[in-house]
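The opening position of the sequence shown corresponds to residue 1 in this note's numbering, with each subsequent residue numbered one higher.
With a Cα cut of at most 25 Å, we get these calculated DMTMM-like pairs of lysine to aspartate or glutamate:
| id | residue 1 | residue 2 |
| --- | --- | --- |
| 1 | 238 | 312 |
| 2 | 250 | 309 |
| 3 | 303 | 95 |
| 4 | 238 | 309 |
| 5 | 238 | 95 |
| 6 | 250 | 92 |
| 7 | 238 | 21 |
| 8 | 238 | 18 |
| 9 | 303 | 92 |
| 10 | 238 | 92 |
No lab work stands behind these hints: they were computed from the structure.
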Amino acid sequence: MDDPENRIETREDAYDIESWEPRTTTDRLALRLYRLLTGATRGLTLFLALTFVLAELVLVGATVAERPLLGVFSFLSVIPALLLAFYIWRADPTEREPLPTLVVTFLLGVVFAAFAAIINTVGAFALSGLGVGVLAIVPFFFLVVGPVEETVKWLAVRFHAYRTPHFQTAVDGAVYGAMAGLGFATIENLTYVVGSVEMNGGVGTSVTVSGVAVTRAIVGPNHVLWAAISGYYLGLAKIVPANRGPIIVKGIAIPAVLHGFYNSTAGLVTETMASVAGGSALLWLLVYVLVFAGLVGGYLFQKIRRAREYYEGQIRLGW
Numbered sequence: 001m002d003d004p005e006n007r008i009e010t011r012e013d014a015y016d017i018e019s020w021e022p023r024t025t026t027d028r029l030a031l032r033l034y035r036l037l038t039g040a041t042r043g044l045t046l047f048l049a050l051t052f053v054l055a056e057l058v059l060v061g062a063t064v065a066e067r068p069l070l071g072v073f074s075f076l077s078v079i080p081a082l083l084l085a086f087y088i089w090r091a092d093p094t095e096r097e098p099l100p101t102l103v104v105t106f107l108l109g110v111v112f113a114a115f116a117a118i119i120n121t122v123g124a125f126a127l128s129g130l131g132v133g134v135l136a137i138v139p140f141f142f143l144v145v146g147p148v149e150e151t152v153k154w155l156a157v158r159f160h161a162y163r164t165p166h167f168q169t170a171v172d173g174a175v176y177g178a179m180a181g182l183g184f185a186t187i188e189n190l191t192y193v194v195g196s197v198e199m200n201g202g203v204g205t206s207v208t209v210s211g212v213a214v215t216r217a218i219v220g221p222n223h224v225l226w227a228a229i230s231g232y233y234l235g236l237a238k239i240v241p242a243n244r245g246p247i248i249v250k251g252i253a254i255p256a257v258l259h260g261f262y263n264s265t266a267g268l269v270t271e272t273m274a275s276v277a278g279g280s281a282l283l284w285l286l287v288y289v290l291v292f293a294g295l296v297g298g299y300l301f302q303k304i305r306r307a308r309e310y311y312e313g314q315i316r317l318g319w
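From just these sequences and the hints, can you work out the full model?
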């Protein structure tokens, strides 16, 4: 009887049986075609996103050009999210991520936000067309808004930063995720602030605009935290390829659920507290976001802290 071990030892070439590498002309053509299709898909995705976001910026930019104060309010509304992203960047226990890659990730967060805007708008229009009740907004937040927005922020990290040699750890993923979330929050805040102008001859009150800007400043950091969580798990998936798929799914599912929960409860909680305990809804929104973001941030920074302790231990051991 043949010895299986002997058969394995005497087998010299497993090409096209248990292994494969480009050897023949057909193999090389297949490899080139794969790279062509991959590049074309990436290029088409970026082209579509750029087209959508440029169209959006043209519309928004026309209003900002007439009322530059809207641009100032929009910038101010992003500052809390910017500070949070900077803090996450500083918390990285390994090497600092290079500025060019951070900027590209930020811009991709801006660009890919257009996909979320389109899908959310189509979904909302479909719901209104079906004549469903107001209760449908809750599953809409959980099944459409949360998954879609967290996926496009994840895509902003996966599209470029993930492919660079600088993306080496789970915390690197959190840093790039925070930058994608900052980009997403930036374009969303700009859209909300400009959209707050009341269309009575193009005139909007400064009270209305400033109120929207303050609201966006309060809620904007959530996008940074949620995207940092998905980025963290994307980084973990890169260094644990055996379970890459489940890790990525977990990384998107957690912020998507948090996103859906926040959207479903923020308005109800703040309005209820304002009517029961008194005070403005904006004040209670700040309280609610501080508590909510504090819990989410605690979850994220606990992981970053453990990573810091791990890498510091590796350095002490001469890693």
